[in-house]
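Chain A is fixed; fit chain B onto it per the hints.
Chains as they are written, first to last, in our numbering: chain A, 47 to 310; chain B, 810 to 1119.
Everything labelled a hint here was simulated from the structure, so no lab data went into it. Ideal Cβ positions, reconstructed from N, Cα and C, are used throughout, including at glycine. Treat the hints with care, as some may be off.
Unchecked claim - If we take Cβ atoms under 10 Å as the criterion, some of the chain A residues that face chain B in the derived model are:
1) 56
2) 63
3) 127
4) 131
5) 139
6) 149
7) 161
8) 163
9) 168
10) 190
11) 191
12) 194
13) 244
14) 263
15) 290
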Amino acid sequence: MRWIRRNLVVIAGLLTLAYMILPNLVVMAFSFNKPKGRFNYSWQEFSLDAWKDPCGVADMCESLSLSLQLAAWATVGAVVLGTMIAFALVRYRFRARGAINSLIFLPMAMPEVVMAASLLTLFLNMGIELGFWTVLIAHIMFCLSFVVTAVKARVMSMDPRLEEAARDLYAGPTQTFLRVTLPIAAPGIAAGALLAFALSFDDFIITNFNAGSTVTFPMFVWGSAQRGTPVQINVIGTAMFVLAVLVVMAGQIITKRRKKTATA
Amino acid sequence: MTTSTLQKEEAAPVEEPVLRKPSTRKRLVPYWLLLPGIIWLLVFFALPLVYQASTSVQTGSLEAGFKVTWHFQTYWNAFHEYWPQFVRSLLYAGTATVLCLLLGYPLAYLIAFKAGRWRNLLLVLVIAPFFTSFLIRTLAWKTILADDSLVVDALNTLHVLDVTSWIGWTEGDRVLATPMAVVCGLTYNFLPFMILPLYTSLERIDGRLHEAAQDLYASPATTFRKVTFPLSMPGVVSGTLLTFIPASGDYVNAELLGSTDTKMVGNVIQSQFLRVLDYPTAAALSFILMAIVLIMVTVYIRRAGTEDLV
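Bound conformation, chain A alone:
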């Protein structure tokens, strides 16, 4: 009893972690299921069928590749626009800074349905056909604020004297930017990019409103929840989970090694 009381935080924390991981484990387990009906919600028997043929479902892998392309372009767009804004906000003093800060903050402080619906009214009123382009526009819009926040945090902690030093050593503006500023800001930009990619890839609500008949991967999953969920969805989910864990771990090993070589 005393042991429990002393380790209460650890126990409670681990229970929360279990709550967070449980659905992922269920998704993983059910990727090896052979469901009887159209729905993959109850366990029937073990099978590797879905793993052998992950693209065996009509239109699923097309939607997956569309989502990946969208996320890639949305990331590029949001990172370019967002990094520029972040630099302007941190490095320069000018009028309307307050207004611009709130314009950046507001998209993050608004329920997604509101943004999704208002964007749809714009496109309908303008007579713009819904599809790939409208989704891309929307994704860049809502990723932008997150990129600005991530990059801003990094640029703020940068020492401006490093750039002055570069200029003193006769580096031109372009050289200073490419050799000094960009490398220091890189971790912030990378964090923003990763966030933008994940947000865009996983977005459902805004896409649901503005996609027209275009089917992204989350839209495919949503549709399949009504028609019957193929096991292959679990395969993709599991693969994404495992891949993400591996990438993050690899990244950590690399940074650890770098730190070691830097101190050695």
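Same frame as chain A, now just chain B:
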């Protein structure tokens, strides 16, 4: 933390001695940097809100076309008809936020202070679920909360379901298609958004403050109440905002895990816009939701006392 503040204090006086007046070209640099992104936000974030405002006061039909008639009655009608869904949204989102805080705090605390060399692994485990599409994970709750599942059996044996049924959150020994399932899904979906800000603000706390509290004979509980928790307030505030705001507009959990009795306002907006095609009502509903959320958030930030967030 201390080193960075020191650096800032040192850096401040050195900042760019003004030798000559910057040329006009140089003064325009920030504006050129801002222009593309700000135009994007103005055209695709601010302008749509204007269009939505105009749509909300229009009347007409899809066939005959809509016209601005300043028909503010739509707001009243929409609110009158759908107020139960508004109440439900705020109730579910509020409950989910409180649960997120109660569940998330111990885990954030564990990672920040007690994890040691496991810290990075635990952080990865908090972020990694993000990478399995959240719709797939939400669907997994259908399996976990199914009528004959282990979890529901356990809750039944522990008589938890008796209590929740008594307050109307479950029905008999069913969990799926009840309010509890929806709140469970919402809590699950937005937990990382609570844990990460909490962790960031806890991690910044200087460990020596805990030692000092102990030296002054504070019990662990007092240390937490008087030192740790107040210092983690920025994390608590941004965590609650990051869970409450998206949860209040969510319609995925109510659709996948709930029933017709658990519809939230997001579900109404979605079906009015995409199925019924009654644009004025849908626009009015989404403006009412926006207003409610903005008012609540402003009041909350004022009360919590961290105005630098906005």
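A quick look at each hint next to the structure:
1. 56: holds (6 Å)
2. 63: It holds, given that the least Cβ distance between residue 63(A) and chain B is near 6 Å, below 10 Å.
3. 127: Holds. Min distance 4 Å.
4. 131: For residue 131(A), the interface hint holds, since the closest Cβ of chain B sits about 4 Å away, which is under 10 Å.
5. 139: Result: holds, 8 Å to nearest chain B Cβ.
6. 149: Status holds, d = 6 Å.
7. 161: holds (7 Å)
8. 163: holds (5 Å)
9. 168: holds (4 Å)
10. 190: holds (6 Å)
11. 191: Holds, because the Cβ-Cβ distance from residue 191(A) to chain B comes to roughly 8 Å (cut-off 10 Å).
12. 194: holds (8 Å)
13. 244: It holds, given that the least Cβ distance between residue 244(A) and chain B is near 6 Å, below 10 Å.
14. 263: Since chain B brings a Cβ to about 7 Å from residue 263(A), closer than 10 Å, the hint holds.
15. 290: holds (3 Å)
Every hint from the earlier list agrees with this structure, and none is contradicted.
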